[in-house]
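**Q** Chains R and C, in that order, give the protein sequences.
Going letter by letter, the first sequence gives residues 1 to 174 in this note's numbering.
Going letter by letter, the second sequence gives residues 1 to 90 in this note's numbering.
I should point out that these hints are in silico values taken from the structure, not numbers from a laboratory.
Hints are not guaranteed to be accurate.
Covered by chain C, according to a simulated footprint, are these stretches of chain R (three or more residues, beta-carbon under 8 Å) [unchecked claim]:
(1) 63 to 72
(2) 83 to 96
(3) 152 to 160
Reference listing, derived: stretches of chain C covered by chain R, where coverage requires no fewer than 3 residues with Cβ under 8 Å from a Cβ of chain R [said to hold, decoys possible]:
(4) 21 to 29
(5) 43 to 55
Residues of chain C clear of chain R, computed beta-carbon distances all greater than 10 Å [unchecked claim]:
(6) M1
(7) D9
(8) N35
(9) V36
(10) V58
(11) R64
(12) R65
(13) G68
(14) E77
(15) R81
Remember, predicted model here, so these are calculated numbers, not experimental data.
Glycine is no exception: its CB is placed at the ideal position from the N, C-alpha and C atoms.
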Amino acid sequence: MTFIEPISREEATERGLGPALDTFAEMGDAEAVFPRILAHAPKYAEALWGAMSEALYQGGVDHRLKELIRLQLAATAGDTYFSSLRSAEATAAGLTEGLVEAGLKGFGDDPQFTEAEKWALSYSYLMYREPEKLDAAFYDEGKQHFTEAQIMEIGGLVAIHYGMQVFMRTLQSE
Amino acid sequence: MQFHPEAIDGAFYARLREHYSDAEIVELGAFIGFNVGYHTFFRTLDFYPMFTPDGRLVSQEESRRVYGDTPGSHNREAVLRALAGETTDE
C-alpha cells in the first residue's frame, strides 16, 4: 500500500508511461507501482522516467555495474521497493544475488570486483553518507579507471536514482 | 525527506492533502527527491554558481570567493559579500 494511490494502468498508458510499465514488469513489479504513482504528474513522469531509464540502460558504463550501484543506493535510501527490483538485462549478464549482496558493503577487499568497480561502488556508497570524502584525489583516482564522461554518467545515475528512491521510501506505508 | 524520511507518514500525507492535490504532491515529492539527489552530487564536483546573488556573471574563482566553502544559492552571507563589492572579477 502506498500513501498516494497509483492511477490505473490504462490511464498511465494514455499518459505515455506504457514503456515504463513494461520495464517495471520486467524488473519484477507487475503492478508497476512507481510509474503509476509518478503518472499523477505526467510531464514530470515522462522526464524523470526518461532520465532514470537513460541513466540505467544507456551510455558507456557497464549496465551490470550500474544495476549494482542502483541496488546499493536503494539500501542506502532504506527503500524496500527499488531494492526488490532486478534488471533482467543485468541478471542475464551474470549479476547474481551474491554479487548484489557483496556490492552493498565490504566491496573494497572483495576480489570479485575489479579496481574500477570498487571505485564506482565507493563513489555511490560515499555520495550520501560521507560526500566530503569525494574530493579531488578521489576523482583523480576515478579518472584512472573511467573517462570523465563515464564518471558523469555514474554521477548522474547515482543522483537521479537515489532521488527517486528517497521519494518512494516516503510513499510506502509498510 | 533527506534527513528524517520516517517522519513522512500517513498523517503527514493527510496534512499535505489539505493543501495540495495528489498530482501536486507527486510533483513536489519528485522535485524534492531530484534535488536531494543532484545537489549532493554537484557539491562533490566543486563547482560554483555562474552568477552572484546580485546577477553578475563571474568566474569560478570569483564565485568561490562570493559563496564560500559551502556554496548555498543566495544565502545571506553570499548576498552581503556580493552587494558589498568585496570581490571583483575584472
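**Q** Compare the structure with each hint and give your call.
**A** Comparing the hints with the structure gives:
no., hint, verdict
1, 63 to 72, "violated (count 0)"
2, 83 to 96, "violated (count 0)"
3, 152 to 160, "holds (count 5)"
4, 21 to 29, "holds (count 7)"
5, 43 to 55, "holds (count 4)"
6, M1, "violated (5 Å)"
7, D9, "violated (8 Å)"
8, N35, "violated (7 Å)"
9, V36, "violated (5 Å)"
10, V58, "holds (22 Å)"
11, R64, "holds (14 Å)"
12, R65, "holds (19 Å)"
13, G68, "holds (15 Å)"
14, E77, "holds (20 Å)"
15, R81, "holds (23 Å)"
Comparing the model with each numbered hint stated earlier shows that hints 1, 2, 6, 7, 8 and 9 do not hold.
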